[in-house]
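Visitor: Make the full structure from the sequences, and use the hints.
Chains as they are written, first to last, in my numbering: chain A, 1 to 271; chain B, 272 to 589; chain C, 590 to 1018.
Simulated from the structure, these hints should not be mistaken for lab results.
When the alpha-carbon atoms are kept at most 30 Å apart in a straight line, the in silico DSSO-like pairs for lysine-lysine are as follows:
#1 C:1012 to B:357
#2 C:718 to C:971
#3 B:524 to C:1012
#4 C:834 to B:357
#5 C:953 to C:721
#6 C:826 to B:357
#7 C:1012 to B:370
#8 B:357 to C:824
#9 C:824 to C:840
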Amino acid sequence: MLASISRRGILAIYAVIIIVPITVVLFGSFKSTQELFEGPFSLPQSLAPDNFAEVIGGQDLGSSFLNSVIVTGISVPVTLFIASLAGYAVARLRGFASWAIFGFLVLGMAIPAQANMVPLYVLFGRIGLLDNLTGLIVANVVSTLPIAVFILGGFMRTLPKELYEACSIDGTGPWRTYVSIALPLSAPSIAAAAIFLFVIHWNELLYPLLFIQSPGNRTLPLALLSFQGEFQTNYPLLFAGVILASLPVVVAYVFLQRYFVAGITAGASKG
Amino acid sequence: MSTHTGTAAKRKAPDSTTEAASKKRRSPTRVNPALYLFPLPAVAIIAFFLVMPTLQAFQYAVTDWNGFSAAFNYVGVDNFVRAFTKDSLFTNALTNNLKFVLLVVIAQTVFSLLLALLLVKNSRGNVVLRALFFFPTILSSVSVAFIWKFIYDPNFGLANSALGAIGLEGLQGSYLGNNSQALYWVAVTQVWFHAGQMMVVYIAGLQAIPRELYEAAEMDGANKWQQFKSITWPFVAPATSIVVAYTTVQSFKAFDLILGIAGNPPKGSLDILSTRIYSTFANSEFGYAAAQSIIFMGMIALVTWLQRRLLRLTPKGE
Amino acid sequence: MSQISRRQAMAVLGALGFGATAAACAGPGGSTAPGGATGPAAPATGAITGRVSFAHWRGEDKAVFDELIKRFAAKNSGVEVVQDISTSNDYNAQGLQKVRGAAIGDSFATFRGAQFNNFSEAGIYTELKNSKAVGNYQKGLLAAGQSGDSQLGLPYQVVFPMPMANTDLFDKAGAELAPKDWDAFLAMCEKLASSGVVPISWPGGDVGNGGQLFNCMIANNAPADDMCAQIEQGKLKCTDDWFIKMLNQYKDLIPYLQPNATGTAVEPAQNLFSQGKAAMLATGSYHIAAVRNLGAAFPIELVFPNTSTDGNATFEGVYNATFILGVNSASKNQAAAAAWIDFLSEPENAGYYANQTAQHVSVKDVEYTNADLKRLSPWLDKKTALAARFQFQNLDVRNAVEASATAVISGSSPEQAAEAAQKIVDERL
Chain A
1 MLASISRRGI
11 LAIYAVIIIV
21 PITVVLFGSF
31 KSTQELFEGP
41 FSLPQSLAPD
51 NFAEVIGGQD
61 LGSSFLNSVI
71 VTGISVPVTL
81 FIASLAGYAV
91 ARLRGFASWA
101 IFGFLVLGMA
111 IPAQANMVPL
121 YVLFGRIGLL
131 DNLTGLIVAN
141 VVSTLPIAVF
151 ILGGFMRTLP
161 KELYEACSID
171 GTGPWRTYVS
181 IALPLSAPSI
191 AAAAIFLFVI
201 HWNELLYPLL
211 FIQSPGNRTL
221 PLALLSFQGE
231 FQTNYPLLFA
241 GVILASLPVV
251 VAYVFLQRYF
261 VAGITAGASK
271 G
Chain B
272 MSTHTGTAAK
282 RKAPDSTTEA
292 ASKKRRSPTR
302 VNPALYLFPL
312 PAVAIIAFFL
322 VMPTLQAFQY
332 AVTDWNGFSA
342 AFNYVGVDNF
352 VRAFTKDSLF
362 TNALTNNLKF
372 VLLVVIAQTV
382 FSLLLALLLV
392 KNSRGNVVLR
402 ALFFFPTILS
412 SVSVAFIWKF
422 IYDPNFGLAN
432 SALGAIGLEG
442 LQGSYLGNNS
452 QALYWVAVTQ
462 VWFHAGQMMV
472 VYIAGLQAIP
482 RELYEAAEMD
492 GANKWQQFKS
502 ITWPFVAPAT
512 SIVVAYTTVQ
522 SFKAFDLILG
532 IAGNPPKGSL
542 DILSTRIYST
552 FANSEFGYAA
562 AQSIIFMGMI
572 ALVTWLQRRL
582 LRLTPKGE
Chain C
590 MSQISRRQAM
600 AVLGALGFGA
610 TAAACAGPGG
620 STAPGGATGP
630 AAPATGAITG
640 RVSFAHWRGE
650 DKAVFDELIK
660 RFAAKNSGVE
670 VVQDISTSND
680 YNAQGLQKVR
690 GAAIGDSFAT
700 FRGAQFNNFS
710 EAGIYTELKN
720 SKAVGNYQKG
730 LLAAGQSGDS
740 QLGLPYQVVF
750 PMPMANTDLF
760 DKAGAELAPK
770 DWDAFLAMCE
780 KLASSGVVPI
790 SWPGGDVGNG
800 GQLFNCMIAN
810 NAPADDMCAQ
820 IEQGKLKCTD
830 DWFIKMLNQY
840 KDLIPYLQPN
850 ATGTAVEPAQ
860 NLFSQGKAAM
870 LATGSYHIAA
880 VRNLGAAFPI
890 ELVFPNTSTD
900 GNATFEGVYN
910 ATFILGVNSA
920 SKNQAAAAAW
930 IDFLSEPENA
940 GYYANQTAQH
950 VSVKDVEYTN
960 ADLKRLSPWL
970 DKKTALAARF
980 QFQNLDVRNA
990 VEASATAVIS
1000 GSSPEQAAEA
1010 AQKIVDERL
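Guide: Dropping the structure here:
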């Protein structure tokens, strides 16, 4: 079967194009520059984590890693919380109010970050959000709130209204309904949104690049970008940095693969 | 905005006409006013940090403010005129960006659909391959940029080493160093980065197509290509529009990838709108940068609108 | 709560949104950083204590500065200096935004030229005319830190942005190290090439480093010493004959560069040189320490690509005085920051810095003990031109002009490349 051979051929070639570079990066992170240049495909001569020690200690990627954990660890739940509140209201309100609130919040998806970065930079300067992690958290929340509202609000609207209304007839307040009905029932959609936000926030580069001045406040992507300065196109070090920066996401991907695909695809389909 | 009507709602007597009720402003069950407090944080944040700065961009765009001095002049539409008529760096970035978007949209759509068609069956092997192809999506743009920078390195990089190893020295090139090709090589990287993600969207679309349609077509003697044209393509149209729209926005915003792969600032042949805006900003021309970002926003809107129109022209069943 | 009607709630919501919007709609103008910079006055005096941030871009000098900081702290108890290091590209593009407001950079360094000028225009430097440090410098090298009558900054390093040469390979090929004119230079390249090595390793894929060669190529071709400033002002043009001649000389170099030179990054270019595969590395003396780290054990000299065609070259090389130290006018700890700059400028400490990093300094009475520095010291007394590229004020213009050379090497005709560059310059007049 010619078709079947060419099918296998295409899949095999593309698999190679993905596996080989990633393997080279993995091996390369244990090599010296010379070793890498002399044989990019060869196995590393030793597994001494010199490059990792250098990027974590010498280049201070360790503290960037911690910054990334802090920023992502706060901005993801905060975004989810605020977005789920809004989504819940949108699902329960009706008519113009629901439409207007949803429209207002979701419209933000159409505004690219580069469109308002100059005024945002000035605003952040005036209210003291430049060069600190709080500013990055705020920026992350703002930039992903619209899409989170879209995902969560969209999902909550598909829940049968009777569920909410049964509760309000019982005299339960909207807060209780939100906590005990809306949140648990939306768990799949919240999980998908969480993963989507996690990947976006973890990999965010523009805001740190704009707002962070002190090296001590860098997040991982910015620290990585800063690696390739005038004197440091040092590939083995860059590769060690790449591995370190990707590790949490990759580990999560291995264990939560299905949710990952669902979450990121949900974000994409709705974005 | 009440979405569910019909039988389910009708069973509940007092709610019988939910949809009509909202129009007549006669709520059967009164909405608890406290509900209006729930969207408040989101609305405040969006108003203050997103809507306001975006509106302010217009205010900045008509000035020559440098970002640090107290004084500035209103220059009217000069910044816009300058961008389109007197700044070849900007028009260069605009052309590059449009070229890049077009390239990536076409290549990524075709390629991800191809992968999806090859992997649509839920066999064990296919599931593994899907996971593998999806993998690059979760990496950060900077990481992807570094990986490909090394692939493209003309002296020690993977691409030329691999070509050398299989005796194709004639095809070796300098990739990013070749100004007439550099943008294409970055487009390849972008497709590698995100094709797996779009493949998943397509697989979902393909799996929703009823198998009977193909069986019927087969009985009518339609060949594979005819089946694709008359069944697959029309049925995945919704997926296609998602893929195209998302890819468009993604490739307009390839900022991180370009900065990572080409350095800051990127050279002319790799400059796109977002990196150009950033350079203008870094050059302390805040007013001009704001004007450029408004044009950028307009471009995205325009291209998206054009695509909507074009996609509506594609056959959807008929 | 339940008394609020839907309308009222909507109104509150709307008002909040618009109120927030209007309230902060302050618009352009005014300072973006609280306590913004003011203007050149001498740094405040006071106790030398507290925390001083030292912002710069020399990541590879971190350990050396750390040692100097230790010595500084030993002399002044209670003072702490922290290095805030960005990479040179970032620092060049964003240093001003970073340092203004003094979140970092109580003391800092700038690149000579555009960045120094922007910093002085934004009032970030303080006046160092009467500082203790200034007397330690060689008079002739202080110009890069002057603005009008003020001595705002102190150019610390002297570097030679000229190709470095592996003299072993030169000896083996019988090539001449100091060509008198362009033909001699090409003949030298030819000899190297026929001995089986790449004559010149050039990182054309890296704008910052690839552009250093431009300094050499333009020095003897230009009709004036401030040619780049004049290009930027429109007095000289890239389409002038002398510029085209220079681009044609770039074209002569093509066969002597490593293959795919315009795509080569710095590290691979350094590797070609340090592994002995290339005889020259066309960046500058500031890369000596880096190539030594990569294992280069051969003696290193500098070579000037002398572009003169009549043998009457005005210059024998190029140099640059850069890393212009200053004290931040917005700093809360100017006394300690100024003391740190004074400390760095003492001959003993400057000497330590120089010998450890293999960089010459512009401080007087420094004893060079590092073998590479000793070997290159005669260049300090040669007739060298101040590196031209740093005359550009606008980075877009600089990149465009330098890109014309890269374009020629990747195959464009000199005339076309010159025209493309001049177009961008004209738009920014």
